[in-house]
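The numbers in the sequence shown follow this note's numbering, run straight up by one, and end at 224.
Please keep in mind that the hints were generated in silico from the structure rather than gathered at the bench. Take these hints with a grain of salt, some might be off.
Claimed, not checked - Derived DSSO-like pairs: lysine-lysine, alpha-carbon spacing no greater than 30 angstroms straight-line:
#1 Lys63 <-> Lys79
#2 Lys63 <-> Lys83
#3 Lys29 <-> Lys83
#4 Lys106 <-> Lys37
#5 Lys83 <-> Lys181
#6 Lys213 <-> Lys181
#7 Lys166 <-> Lys213
#8 Lys213 <-> Lys148
#9 Lys148 <-> Lys96
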Amino acid sequence: MAYFTQEFIDFFGGLSRNNTREWFQAHKKEYERAVKRPFHDFVAEIIEQVAELDPAVAIDPKDAIFRVARDTRFSKDKTPYKTFVAAVIKRGGRKDVNYPGLFFKFGADGIDIGGGIYQPDARAVQQIRQAIVRDGESLARAIEGAKFRDFFSELRGERNKRLAKEFAEAAERYAFIANKEFYYYATYEDTTLLLRNDLDSYVMKHYRAGQKVNEFLREAVSS
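Can you make the complete structure from the sequences, with help from the hints?
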């Protein structure tokens with residue numbers, strides 16, 4: 002049985018065309034029934050499956066799920082709602098910025114699935130770079146491996162234009178040492194993927210594909 006129905010897709014299609022508080026409130030029951038509850042259940046299932054591979058992940062779905070309401074205080078875009086739901090599965094949930102995990106986003110434009118570390122603090126970046134100096138080849142093999150490349154193209158993230166001298170030699174071999182973030186993701190515009198009976202297995206295949214990268218990052222920030 003599928004986790005989501007066409008009503009999930011239709012809700013976000015409608016919200017994309019009518020992104021107002023009035024429209025959302027008029028369709029609140031639809032949101033609760035077709036989006037909020039099934040997404041909560043899906044996240045709970047994924048947490049359970051990820052925890053089998055990473056026991057440090059012992060979180061509640063509410064710690065993993067992002068709010069659908071947008072924070073518009075510092076944005077020129079004042080539309081009140083996101084046109085998707087999203088969650089990040091990792092130790093500490095969405096608040097633990099320095100721990101690698103699994104991210105997924107489902108909405109009007111399709112789905113994104115990825116992992117790694119997004120916007121870590123300066124200390125974590127330093128730890129990861131030091132790990133690359135020690136053994137950058139392990140991370141390079143993980144990124145270039147067939148399992149990773151089945152789903153992802155590269156290790157993404159903003160990069161520093163200048164690096165400390167201690168990283169200069171490693172930078173000649175591993176360009177990703179300049180990264181300030183270390184994440185990866187795949188985007189699928191086909192919204193019918195959300196109707197798959199095996200959507201949980203599909204998401205977990207992506208998690209396993211990035212597992213070697215996550216393991217490298219996890220060991221780096223734990224050192």
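Consistency of the hints with the structure:
A C-alpha spacing of about 25 angstroms is found between Lys63 and Lys79, which places the hinted pair at or below 30 angstroms, so the restraint holds. Pair hint Lys63 plus Lys83 holds up; C-alpha atoms about 17 angstroms apart against a cutoff of 30 angstroms. For the hint pairing Lys29 with Lys83, the CA-to-CA distance comes to about 14 angstroms; that is within 30 angstroms, so the pair holds. Our distance criterion of 30 angstroms between C-alpha atoms is met by Lys106 and Lys37, whose separation comes to about 13 angstroms.
Of the pairs offered as hints, the one joining Lys83 and Lys181 holds, with about 26 angstroms between alpha carbons and a cut-off of 30 angstroms not exceeded. A distance of roughly 19 angstroms separates the Cα atoms of Lys213 and Lys181; the hinted pair therefore holds under the 30 angstroms criterion. The straight-line distance between the Cα atoms of Lys166 and Lys213 is roughly 28 angstroms, inside the 30 angstroms bound, and the hint therefore holds. Restraint check for Lys213 and Lys148: satisfied, since their Cα atoms lie roughly 10 angstroms apart, inside the 30 angstroms limit.
The hinted pair formed by Lys148 and Lys96 meets the criterion: a straight-line CA distance of about 29 angstroms does not exceed 30 angstroms.
In terms of the numbered hints stated before, the structure departs from none.
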